Amino acid sequence: MPVVLVDCNNFYASCERVFVPRLRDKPVAVLSNNDGCIIARSDEVKALNIPMGAPYFKHRETLDAVGAHIFSANFELYGDLSRRVMHTLETFCNQMEVYSIDEAFLHVPAQSDLTQLGEAIHQRVARWTGIPVRVGIGATKTLAKAASELAKKTKKRTFVLDERNRTALAQVKVEDVWGIGRRWGARLRRNHITTALHLCGLSDQQARRYMNVIGLRTVYELRGTPCFPLEAQPPTRKSVVHSRSFGEAVSDPATMREVLTTFVSRAAMKLRRDKLAAHMLHVFLLTGHRHKPDARQDAATIHLSQATNYTPWLLQAANAGLHKAWRPNSSYTKAGVLCYGLVPESPTQGHLFFPTDPRHAALMHTLDTINRKAGHDAVVFAAARPQKKPPAWATRCTLRSPRYTTRWEELPTAYA
DNA sequence: TCTGGGGTCCTAGGACCC
DNA sequence: TCTGGGGTCCTAGGACCC
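Residue numbers (the working numbering): 14 to 429.
Warning: the hint list may mix true and false statements.
[As the list claims (entries may be wrong)] When the alpha-carbon atoms are kept at most 20 Å apart in a straight line, the in silico EDC-like pairs for lysine to aspartate or glutamate are as follows:
hint	residue 1	residue 2
1	Lys-39	Asp-77
2	Lys-59	Asp-48
3	Lys-39	Glu-57
[Unchecked claim] Cβ pair distances, simulated, as ranges:
hint	residue 1	residue 2	range
4	Asp-93	Lys-402	23 to 31 Å
5	Lys-168	Lys-337	49 to 57 Å
6	Phe-32	Phe-70	21 to 29 Å
7	Asp-307	Ala-267	21 to 29 Å
8	Thr-180	Lys-59	23 to 31 Å
9	Lys-59	Asp-265	41 to 49 Å
10	Val-33	His-389	20 to 28 Å
11	Phe-70	Arg-372	43 to 51 Å
12	Asp-175	Gly-388	43 to 51 Å
Honestly, the hints are just simulated from the structure, not real lab data.
From a predicted model like this one, the values you see are computed outputs, not experimental measurements.
The C-beta atom is built at its ideal place from N, Cα and C for all residues, glycine as well.
Input sequences plus hints: build the corresponding full structure.
Quick look at the structure:
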């Protein structure tokens, strides 16, 4: 059964274009949180040789010079459009794995004209959502990924990779193979393995020597032997993280407590959404900048006596963690909370000394319902209430477009 | 001056147990 | 002087993905 990979082109940039059609052939770039890095580029921006993940400040002049349209990340919009794309894709298959916000693997029945199928997918998604997609088809996930890469290279909307054109793998650079990153790519390159076709020809021993078992599985997949099954059910997650870089450094514990209250509230909401409870909460505080040598991490892990997703208990743990991790005279630029040791929220093992109160779950349910309808900050814990609004530590995102599809007050306006 | 956020898996080494 | 073998669990670090 062939594997079909559907990949949205320049997804975030394409989302911005859906509601501002005049940007269709203009350079568009989307920035990461805090407006730090460039995380999505339209073809026009790619043509300027601005790499993915490049710091914005280094390329600002180049972008300004061509009149590029720059956006702060608007994940609420991207998430909603992604959902619409995925619903459209469901109409083509019985089994689908939503692999990321902009990609899905589909299992389709064997059929004579796969190119035509790719074209049909492209057209329906474009018509129903306004998002352009690319389709790669192969015998395994890794081959479907390679096919998608070849589609990009040959400027086709669909690329079918099979026995007959297997040698096209010579056009795929080794570090562009799914599962081969920069490090392994460089290592393979030093040993004269520069394309996907070379990788295919490695012996198992060689593959194992240059990489690890995951690398070996990648080689098998390139040969046409499936090792990575389609995961229609998302596996239960093992951790939930909420972290942010600050717009302005935080150097007093009271403000950090306000920060962590917000972060824990978000993480707890994610836990409840997935019906999970955490046994452990890890608090981490970072000083300096990632790319500077003096960066330091202060952290603490709190073990909870009972797995929970009840925000007040997690807040208690976070405060204890803050107390342990905080080092005086520090100036923190980023912080986060990590919940792990996750178990299903019910049935939770009862605790002899802290019996659960059924009203807790009801309270959290009410809180989540309100915040889902009215926005994350509609109801917050008092400790999260900032002195100033927005607080100085808030993430910078001055260029964010309206959340057209998820907020009533931000609906697009049409003029006749 | 300014460099994101959220995940997974593998491996090696240390602690600990019998 | 001579000091085993097998197992588990945890952690940190490194690799990868989008």
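Status of each hint after checking the structure:
1. Distance hint between Lys-39 and Asp-77 is fulfilled; the C-alpha atoms sit about 12 Å from each other, no more than 20 Å.
2. Proximity of Lys-59 to Asp-48 is assessed by CA-CA distance (about 18 Å); at most 20 Å being required, the pair is judged to hold.
3. A distance of roughly 7 Å separates the Cα atoms of Lys-39 and Glu-57; the hinted pair therefore holds under the 20 Å criterion.
4. In this structure, Asp-93 and Lys-402 meet the distance hint of 23 to 31 Å, their C-beta atoms being roughly 25 Å apart.
5. At roughly 55 Å, the beta-carbon separation of Lys-168 and Lys-337 lies within the given 49 to 57 Å, and the hint holds.
6. At about 27 Å, the beta-carbon gap between Phe-32 and Phe-70 stays in the expected band of 21 to 29 Å.
7. Here the CB-CB span from Asp-307 to Ala-267 is close to 25 Å, well matched to the stated 21 to 29 Å.
8. Between Thr-180 and Lys-59 the CB atoms are about 27 Å apart, so this pair conforms to the stated range of 23 to 31 Å.
9. At about 43 Å, the CB distance of Lys-59 to Asp-265 agrees with the hint of 41 to 49 Å.
10. The given range of 20 to 28 Å is respected by Val-33 and His-389, whose C-beta atoms sit roughly 25 Å from each other.
11. Our hint of 43 to 51 Å for Phe-70 and Arg-372 holds, since their Cβ atoms are close to 50 Å apart.
12. Our hint of 43 to 51 Å for Asp-175 and Gly-388 holds, since their Cβ atoms are close to 49 Å apart.
Of the hints listed earlier, there is not a single one the structure fails to meet.
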